[in-house]
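Q: So the chains spell out like this:
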Amino acid sequence: MTDLIGSIIVFIGAVFLFSAGLGMFRMPDALSRIHAGTKASTLGNTLVLVGIAIYQPEWSLKVLVIVYFVLMTNPISSHALAHAAYTLRGRLVPSRVFGEDDACDREDGQ
Amino acid sequence: MTISHAVLTTGLLLTLIGMWGMLTQRNILRIIIGFALMGTGSHIVIVAVGYVANGTAPIIDDALPLSEAAARAVDPVPSALAVTAIVIGLAVTAVMLAFAIRLYGAKKSLSIDAFADSKW
Amino acid sequence: MMRLAAAACLLLALGAIFATISLDFRERTALPPLAAAYVEMVPRELGAPNVITGILLNYRAFDTIGEVAVLFMVAAGIGLLLGPGRKPKDAGRPGDAARDESEPEPSTEIVRNGADVMVPLIALFAVYIVLHGHLGPGGGFQGGAVVASCVLLMLLARPDYRIRLAQLSVAESLAGVFIVLAGMAGLVFAGGFLDSRVLPLGEFGTLFSAGAIPILSVLLGTKVGCELSVIIERFRAWGR
Numbered sequence: 001m002t003d004l005i006g007s008i009i010v011f012i013g014a015v016f017l018f019s020a021g022l023g024m025f026r027m028p029d030a031l032s033r034i035h036a037g038t039k040a041s042t043l044g045n046t047l048v049l050v051g052i053a054i055y056q057p058e059w060s061l062k063v064l065v066i067v068y069f070v071l072m073t074n075p076i077s078s079h080a081l082a083h084a085a086y087t088l089r090g091r092l093v094p095s096r097v098f099g100e101d102d103a104c105d106r107e108d109g110q
Numbered sequence: 111m112t113i114s115h116a117v118l119t120t121g122l123l124l125t126l127i128g129m130w131g132m133l134t135q136r137n138i139l140r141i142i143i144g145f146a147l148m149g150t151g152s153h154i155v156i157v158a159v160g161y162v163a164n165g166t167a168p169i170i171d172d173a174l175p176l177s178e179a180a181a182r183a184v185d186p187v188p189s190a191l192a193v194t195a196i197v198i199g200l201a202v203t204a205v206m207l208a209f210a211i212r213l214y215g216a217k218k219s220l221s222i223d224a225f226a227d228s229k230w
Numbered sequence: 231m232m233r234l235a236a237a238a239c240l241l242l243a244l245g246a247i248f249a250t251i252s253l254d255f256r257e258r259t260a261l262p263p264l265a266a267a268y269v270e271m272v273p274r275e276l277g278a279p280n281v282i283t284g285i286l287l288n289y290r291a292f293d294t295i296g297e298v299a300v301l302f303m304v305a306a307g308i309g310l311l312l313g314p315g316r317k318p319k320d321a322g323r324p325g326d327a328a329r330d331e332s333e334p335e336p337s338t339e340i341v342r343n344g345a346d347v348m349v350p351l352i353a354l355f356a357v358y359i360v361l362h363g364h365l366g367p368g369g370g371f372q373g374g375a376v377v378a379s380c381v382l383l384m385l386l387a388r389p390d391y392r393i394r395l396a397q398l399s400v401a402e403s404l405a406g407v408f409i410v411l412a413g414m415a416g417l418v419f420a421g422g423f424l425d426s427r428v429l430p431l432g433e434f435g436t437l438f439s440a441g442a443i444p445i446l447s448v449l450l451g452t453k454v455g456c457e458l459s460v461i462i463e464r465f466r467a468w469g470r
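Protein chains in written order, with our numbering: chain A, 1 to 110; chain B, 111 to 230; chain C, 231 to 470.
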């Protein structure tokens, strides 16, 4: 029974990871792509690891440590990417998704 | 359809996708990503060929005691080849990226069509 | 159009070949004789639980030196391509007047605080992977890559963090020299070049065991970590 539940959770995690890839492919803009890529893939990773922990209960502590590392590093790295994308966009390319916000955001010295 | 069969098919599929990316894309960075995909596909194929049915990793510890090591371990030689291949793939990708940086510095464009004037 | 058609033909042909490979594939049920010999010889003769590290750092150690040579050439080649200094004709670009090129972009608070937490953990993990290469999955190359990722995180979090390229190059070259010296010691004192039995085998499964394999792992990890850090620094500092 725990095998079935663990496998279902791993499958749901795989679906989220696939949707992360699909979102990165189909989104029009760099910031939207980063958003799709990080949120869905972090959740997909976490669900896959939780499913593995249910499948093999003696690995729960190790899986918890791995989930902690994933939750610490994935959002920070995507934040660094998004900050770089936003800063470069503000200097070089007029964005077509953010309309009137560009004027408001540019006055704080970007 | 066994495990290693599925892994082998995935690796060959990844190699084909990487090759498609290298041949049809115009952006230099996408070509480099295609190369990396092709490399990853080949590494997966190498490791999948070495799988032994119901085998486990060739590391002697509690899960694989010394007495049944020869019966249940997976082939270690393709895994060693894969370690070497991954490091070499990383090195070649680094050189490709350095070339991409210099090409961008020369023509201010990341499309390889900008360098078409060197064709015959 | 011709390009796409040619690519499609090539991919279809390769797909047909791969399909025949995949359809005729039979999973192995027993190890081939060479692999069975390795799996049985490495714990017995080298005292290393990890068979793959025993193969890479003893029986096939010459290939590992070849790989180390390839990495060294790549680091040198990237140093040549992305060499020091800016090209003089780049100095007059009009669009960069508002941005001071020599002033690095400050990093945000999230990245800085996250790096304060993660860098010690990553460094500890890198040392663990390198030292336990003969006991579990790991070894010199893997640990060296984690060292380089730690350096990359430091570079991202603190823009005024400077890597001393000269010292790293000296460290990397010294590690390479010591690897060859260890190899020659193996030639003189033990079975052959880079034989790890120059040092006593010790107790099976402890940290200080398996002869010279931990020392070779440390040297490899240092070399690979220094090389990848130098490569990352060259990427960062080009055009600045």
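To be clear, the hints were calculated from the coordinates, so they are not data collected in a lab. Keep in mind that this is a model prediction, so the values were computed, not measured. Certain hints may be false.
With beta-carbon atoms standing in for the labels, derived distance ranges [said to hold, decoys possible]:
| hint | chain 1 | residue 1 | chain 2 | residue 2 | range |
| --- | --- | --- | --- | --- | --- |
| 1 | A | VAL65 | C | ASN343 | 16 to 22 Å |
| 2 | A | VAL65 | C | GLY432 | 25 to 31 Å |
| 3 | C | THR259 | B | ARG212 | 37 to 43 Å |
Think of the CB as a built atom: it goes at the ideal place given N, C-alpha and C, for glycine as much as any other residue.
Q: Taking the hints in turn, state whether each one holds.
A: Structure-based check of each hint:
For VAL65 of chain A and ASN343 of chain C, the hinted distance range of 16 to 22 Å is satisfied, since their beta carbons lie about 20 Å from each other. Under the hint 25 to 31 Å, the C-beta atoms of VAL65 of chain A and GLY432 of chain C, about 29 Å apart, fit the expected range. THR259 of chain C and ARG212 of chain B have their C-beta atoms about 51 Å apart, which leaves the hinted 37 to 43 Å range violated.
The structure does not agree with numbered hint 3 stated previously, though it agrees with all others.
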